[in-house]
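Participant: Build the complex: two chains, separate frames, hints provided.
Line by line, the protein sequences are chains A and B.
So the first sequence is numbered by the numbering used here: it starts at -10 and just counts up by one.
So the second sequence is numbered by the numbering used here: it starts at 2 and just counts up by one.
No lab work stands behind these hints, which were simulated from the structure alone.
A few of these clues could be false.
Computed from the model, here is a short list of chain A residues facing chain B with C-beta under 7 Å [stated by the list, open to error]:
hint, residue
1, I167
2, E216
3, T298
Now the stretches of chain B that chain A is said to cover, found in silico as 3 or more residues with beta-carbon under 8 Å [said to hold, decoys possible]:
hint, segment
4, 138 to 152
5, 155 to 165
6, 168 to 175
7, 195 to 201
No residue lacks a Cβ here, since even glycine has one placed at the ideal position from N, Cα and C.
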Amino acid sequence: MSNPSAPDGPPDEPADAPAAPHRVIGTPPPAQARTLLGDGTGDGTGDGARPAPRDLPADPQNLRQAKTAERIVAALFILSTLASIGFIAAYVGLELNSVDSVLRSNLALGTSMSVAFLALAVGATIWVRHIMPNVELTEQRHPLASDPEAREAFAETFAEGAEASQFVKRPVLRRTLIAATVPLAVAPIVLLRDMGPLPGTTLRHTVWRKGMRLLKYGAYTPISPGEFSSPGGMITVVPDGYQDDPDALASATSIIIKFQPGLLQPPTVMNWTVDNIVCYSKICTHVGCPAALYEQTTHHILCPCHQSTFDAPRGATVLFGPAPRPLPQLPITTDAQGYLVAQSDFHEPVGPSYWERG
Amino acid sequence: MSFTWRRRPAAGYAVVLLGLILVGAIYAAITGSGESAASTTPTASQAAIAKGQQIFDLTCATCHGLQAQGTAVAPSLIGVGSAAVYFQTSTGRMPAKATDAENDRKTPQLNPLEIRQVGAYIQSLGGGPAIPTPAMVSTIGANLALGQALFTADCAQCHNFDGAGGALTYGKYAPALTASTPTQIYTAMLTGPEAMPVFNDTTITPSEKRDVIAYVTAVRATPNPGGFSLGRVGPVTEGLVAFLGLLFFMVLAAMWITAKHRKTADE
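With the rest of the complex left out, here is chain B (with noise of 0.2 Å):
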């Protein structure tokens, strides 16, 4: 008899931890990781427009025509200017892997001398916003505090408050600014990719977008005093550990209080 009540308790603490284990995996599947891409550093050249365009064609031609003219599956890049061109090659989102409703961050299929190659094609088709050059992107003597004004005003929305990313509509998402080097914010915020406004440069200034990539970068480097930053995406994560965290425990602690542990002589 001591047998058959031992057994009862340790299966439903087995089915709580499966449980568990079970909706966390389904978390973490359904959530996913980012992941970090290497920076870039200029070098621009005067004749590797043909050099790019001969990329461009194998590359990116497939989907934006041979002209750059745009198709029915993606966007004309004529007056995009390099700097699109940079942001989205750099970043790995382009060549895209499938017309998702958000392309990811992704190791970049294009080194950095290609990437400037093409971005002097797609420069002379149409003109656009160009690569900022590194004196434009260094943070050094920028106004941290007008950055964040900034930031909070016309960019915490869809990124978050330090940049952790959040949702959109349809699937779309804001990416987080974690891995983003200067250049890619600064090239983001001048050409606006995918659902993401545009900062044209006399909207937001160059000197103010030092300013906010100057905050996107300092924030990364606050320490988090009180504990587990949990990606620092605000209450949701936290109620969310919380409210499984607790739950969990209280699950076992509550078996384990109204466990028949002992078995009396009555029964």
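Extracted from the complex, chain A is given alone in its bound form (with noise of 0.2 Å):
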């Protein structure tokens, strides 16, 4: 890319500095040291013309003070050095076995990692605002374009490697080159066939099945009707088998709630309850989070999350917040023995809206 036709160079770097002094790791060679600010014209590889240096002070204005910001700024990046080290000898050295031992570990090294940040940034300030000159500069904007010249020699040297590589005059070549890069193009985009299975219908149906018994999540002991038989009751309940499955229980999970007699309203499909005990989703309808905050006073169910809230014996039909509909009612009636068991799945898709499900 070097362009041959420009053979004396920027003079950006003066003869690599012959007699430069003691020269410092990191600060640019002393010659150039007080033009770095800025000139005004010049844009670094510009024509070459070389700008007026600025007038920066040589030294502070307050020697004294300078002095005294300097012990200051010295003494804080000792305090950060030892900080620093402090973190190393806190994360080697320190035990953690016990909560009170990562306790101590993390006091350890948070403390010295923020002293050893803190301390130096303080110091740099210090420095920047007593030792160094205080001036002030203003630099002009530059176009960021190259100049015509540079462009044009970009051009003619982009033209005559294109020609010089035979990558017109040899179809062969350049059309296989091409082939090759079709495929491995294509690759990264049958990579996304790792982005798992097409969920399918499984979005759509939880592990609910007719004649499954609800379980009380905890115990996973059955409940009947008679057992829970105190109106404002709620407990959470889980499908009977499929309580040690969290795939699983992340959709089927849900609350059963008694009422009091009469209470229990449209929409709420009153075949699917037993004896005023309704069976809902804990699964909110916004974004998935558990949904069983039951107020038996307001009959409110509401969702710590976003405070989504449902109205709980009229179907948990939506009163508030950005829930966009109802929390899904499970059908629940006994078996044989008198327990609670589901009719059958939930009769909606469960949780939050997904793409075929506005």
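Facilitator: Listed below in structure tokens is the structure:
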């Protein structure tokens, strides 16, 4: 890419600065030091016109103050050094075999790292404010585009290169090269297959089936309407046989609520209730948080994440909040032993919306 | 000239500081703080019903009616049982100060004996759940794991995973469980005070109630390996503190870094 037609090159590097005295690592060559802050015209790669050096004061105005500041900054930097060493020591040295020792370790690591960074930052700020010259500078913006000659030269080089490579002259090479890139470009798209098999209809169903018992979460015991008999009662239930299957429970977990007689009304499906006990999905229809803050005074079911509020005796219709639809109701009945069982799966998908369900 | 530049940055810092103090004060006023209540020891008495009725007539009948039949402002107490009386009066919620959305926990107005007597009176009216015995609320030998499972499934949605409490609708809230005695936790589950659902003894068995109590009381002693617990109510307070605290620090730092500290000769 280097242009052979630019023999002199930009005179940025003054011949490796042969006579530079004590050049410090990380600083520009001394001859340039005074021009780094901009000159108002040059753009660094320009025509080589050396701008006039800025008039920066060599020393801070108040030398005594600067001396004090220097000591403070140095002390802060040493503090930062010690804190960093302390961080390493705490990381290596402190045991992590109990909750209390984790607390100690966290405190030591956090404190030492905070002090290390903070001391460094405060030191740098004091350095800038009290030791560096306090001069206001104005820098002009320059066009980002290269100058016309450079662009022309580039176009020329490009054309020359294309010609010299024989890319144009040898169609076999050109076409096989292009052919080689096509499958390579397709390969990443094929990798998208790993994003899984398509969900199919799994999002529409839960594991609830006809005759499956409702178990009290935690104890995993079946529930009879005679036991779950106090109006205002609420309990979390899971399908029998899936109590240890988190994937199944993620969609099948439900709550049952016992109401005073006469409270339940449409759109609650009465045939799906047993003795004023109604079962709703516990998964909020907004983004799937567990919505189970049942208030037995107002009969609201509240979702803690975004305050979606459902009207429990009226089919869990949405009263407030971002949830787009009621909590699905699970049809329940009792089995021969008198325990609560599902009549079927939910009749609609539980949980938040997805692409096929607006 | 050295006086004019010195005043401005100081005033800026003061304004920022004042604003943040104000925000903090408002926040503290909104959140408030809980208070503890003394626990009680049972001294059930059979012939205390008359004494209980006497106390009831003086303390409770104004709202609940002379026959505890309920009025427009307060529910009937027939059939609520002594457990409800125990929970409401031992936590100081009853007698209520006002008919607010939620009755706060406060210092009990009735002493333990009076609570038992009123409880006996209410129990005599229509039965209902009774105050548990000390053995029923003892957490010795309780199943902490089952207690946690039940608590996280059926209590944590309102009371927070470690009993720090949380907000409900229309000004109601689930109180923190940090000061609740085992008997209070038991009677609350049994009777479902205010908006809380009822967990009767056939839904959550007495043994499971003990497990829940064991979890609620054990979780209070959990150490905080992360440092400050910030009320252990989760990421909301943590985010708020981080945001306000860091914002304060960042604003001050930005002011300090950019402040015109020294005056040069040319302006």
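Participant: Hint by hint, note whether the structure agrees.
Facilitator: Status of the hints after comparison with the structure:
| no. | hint | verdict |
| --- | --- | --- |
| 1 | I167 | violated, 52 Å |
| 2 | E216 | holds, 3 Å |
| 3 | T298 | holds, 6 Å |
| 4 | 138 to 152 | holds (count 3) |
| 5 | 155 to 165 | holds (count 3) |
| 6 | 168 to 175 | holds (count 5) |
| 7 | 195 to 201 | holds (count 7) |
In this structure, only the earlier hint numbered 1 is contradicted, and the remaining ones agree with it.
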